[in-house]
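S.K.: Residues per chain, in single letters:
Protein chains: 2
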Amino acid sequence: MTQAPSLPLTGLKIVELGHYIAAPFATRLLADLGAEVIKVEPPGGDPVRGWGSSVDGNAVWFSVHGRNKLSVTLDLKKPEDRARLVALLKRADALIENFRAGYLERIGLGPDVLHAENPRLVIGRISGYGQDGPYRDKPAFGAIGEAMGGLRHLTANPGQTEYPPPRCGVSISDDLAGMYCAMAVIAACWQVKGDPTAKGRVVDVDLVSSVFSLMEGMLPEYGLFGWVRQPQGAAIKTAAPTNTYPCADGKWLCVAGNSDLIFKRLMAAIGQPAMAADPRFATNAGRCENVAELDAAIADWTRTQPAAEAEAILEAAEVPCSRLFDMADCANDPHFRDRGWVMEVADPLLGQVLHPAAPFRFDGVSPQAMVRWPGVGAGAHNDKVFAALERGETTPLSA
Amino acid sequence: MTQAPSLPLTGLKIVELGHYIAAPFATRLLADLGAEVIKVEPPGGDPVRGWGSSVDGNAVWFSVHGRNKLSVTLDLKKPEDRARLVALLKRADALIENFRAGYLERIGLGPDVLHAENPRLVIGRISGYGQDGPYRDKPAFGAIGEAMGGLRHLTANPGQTEYPPPRCGVSISDDLAGMYCAMAVIAACWQVKGDPTAKGRVVDVDLVSSVFSLMEGMLPEYGLFGWVRQPQGAAIKTAAPTNTYPCADGKWLCVAGNSDLIFKRLMAAIGQPAMAADPRFATNAGRCENVAELDAAIADWTRTQPAAEAEAILEAAEVPCSRLFDMADCANDPHFRDRGWVMEVADPLLGQVLHPAAPFRFDGVSPQAMVRWPGVGAGAHNDKVFAALERGETTPLSA
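Just so you know, the sequences run in chain order P and A.
Using our numbering, you'd call the opening residue of the first sequence number 1 and step up by one each time.
Using our numbering, you'd call the opening residue of the second sequence number 1 and step up by one each time.
For the record, the hints were derived by calculation from the structure and aren't laboratory data.
Since copy identity is lost for identical chains, a pair holds within one copy or between any two.
Simulated pairs of lysine-lysine, BS3-like, Cα-Cα distance not exceeding 25 Å:
| hint | residue 1 | residue 2 |
| --- | --- | --- |
| 1 | Lys90 | Lys193 |
| 2 | Lys138 | Lys77 |
| 3 | Lys251 | Lys138 |
| 4 | Lys264 | Lys138 |
| 5 | Lys13 | Lys193 |
| 6 | Lys13 | Lys199 |
| 7 | Lys251 | Lys237 |
| 8 | Lys78 | Lys384 |
| 9 | Lys78 | Lys90 |
| 10 | Lys90 | Lys384 |
| 11 | Lys237 | Lys264 |
| 12 | Lys90 | Lys199 |
| 13 | Lys77 | Lys384 |
| 14 | Lys77 | Lys90 |
| 15 | Lys90 | Lys13 |
| 16 | Lys384 | Lys13 |
Small disclaimer: the values here were computed from a predicted structure and weren't measured.
Using the sequences plus the hints, can you model the full thing?
M.R.: Have a look at this one:
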């Protein structure tokens, strides 16, 4: 019944035909989970390698974005390289791609062709709007996915007109689509595994409906009552007090004081015992009605304290709160270090770098063991992979 | 080689011990994928059933949040109900829970106990800060996960002090943790399937590092150079022009005009042919240097048009753009309807309601077929499930 702790997807073989964020993020998660991922790049490499800062031409982000993957370069305009891709796909369990919808078909490598070669291949496809429908051929940008999916409308302060509603700060639509594609591809591989008659599925994931999937009860509420959810800033309309408050050092403190007991501790901690005892504020409903008065009292107090000190005072009073962590806060936090969420990795291209942990942990496997190697240069594994292909080897490869 | 199109996780059996968002969202995704999900609720039901609007006491959101799941009620304080839970887990492939870290152990149902009963059970656990580390026992709120994970710091307009950085508008840290847990649990089930010696894994997912996982290259850049990424509002510092612009009707238009060719089309469309031809703006680097001038010119034009008309003009010029869709825009958009992202579902508790599609599609299965039934009342399947348990049946159940 016992076995050595291993990563769960050890033995699963994935080919990535990805660029930029969505498909490469999907395969990075699968690689963190233990799958063999062979990233197929054009001869010049994935253009994401040109993004952000670099050391000697090696992109810093790619150390994380490409970790645990093998990289080969192929020129899909050349028949012999397309044949090599097909050979790679014949030994694979799944393909993940994020070309524009229909591109694979145009280069003669649509799902029908690939399934004729490997009927059990799972094909995960990520596009802006999906593989069909009236907007299929529109160019896809992450920002458009956020706007159309309903998120950007909500990420705003009501009544604020001087500044636009901000991005949430990261490429969230690409990330979500990558996560859904990874999830759905593993599910399809689960279906195929152990069933000799099973056929590989085609999985269709898009940016817009990945964002739209997070809209909670807003769609049925619109359908039943015609309600259109409006932005609520940093507050939540149905719970009070929960908001983000300005501190003396220009930083912000997020406070979740919206349970009856926590509320009393919060008001005592900020020197407002009378408000803690006021029957108008005894229930969440009453606090929601009088939220402006509560927010003003809390902000009056936070403005007198630097964020870290206000946080320490409220923590001592057992009030859930957090200053808004920036990357220095994350990198130096004792819990982040203790849990291995921030770890040191030796990167031959960059030197000693910090990597974030995989966002899931498995019993018996340390976060460090889930980073088997950092991202490599484009084509670093051409010799190794193509030699294994020529020998007809099908066992999973590693760096 | 052929088989009737089916959902990929058909046959997989999941028990949910969840409340609020994270674990129930994880199991909703698994249920959309075809798994049997039995949601175990306390006698009063998951408190999320009290959130938001309702019809005759039935929460509107729960029609979506609980769809494709069976519901049973158990009082885990009673030994006979704990025994029923164990019987459910003996026939299951996986458990997903989001109690506070350590709660399962305190009620005598920790992983060791459960694995003694069912060694192959995969146990997915979602908590605020993880199952160990110095912050393990702090209370977890979604807002705190967003703040500590680094997202709230970025979701802001630089220099804006009058309003706090907004929430991104949805419970993003719970959603991300739920998605990662679903993904990791399927991976662990893949490992167990077909291997008679395999043991079920314990999967540890937390809110904070789920958010932190989206921080792109920011952690290695901080480690190498000491750089701390600051909020960039609706713009992206390294690409121009891409921003969100105010329109005549008070709405906003998101525009991604940051490639050389799209930029020229954009400037021509807004009546600025001289700027389209200006060599200062010929490259992205030049445009980034002069982004204030470009943003001002674009905003001067968008202010003269309602958002929908500005969008139509730029679309005709093949410039990627989108007004910020609210729920009415999503619900009535032809592509959303054509793709089945918005669909009509007959709900016995609510009447005709709108449901969002599952965020992944599989060949041969329509989005409609992935919604097998809407969310049911707490304990609606007590009789059915407990009778099957007593008969020792292990085949998957449906509503």
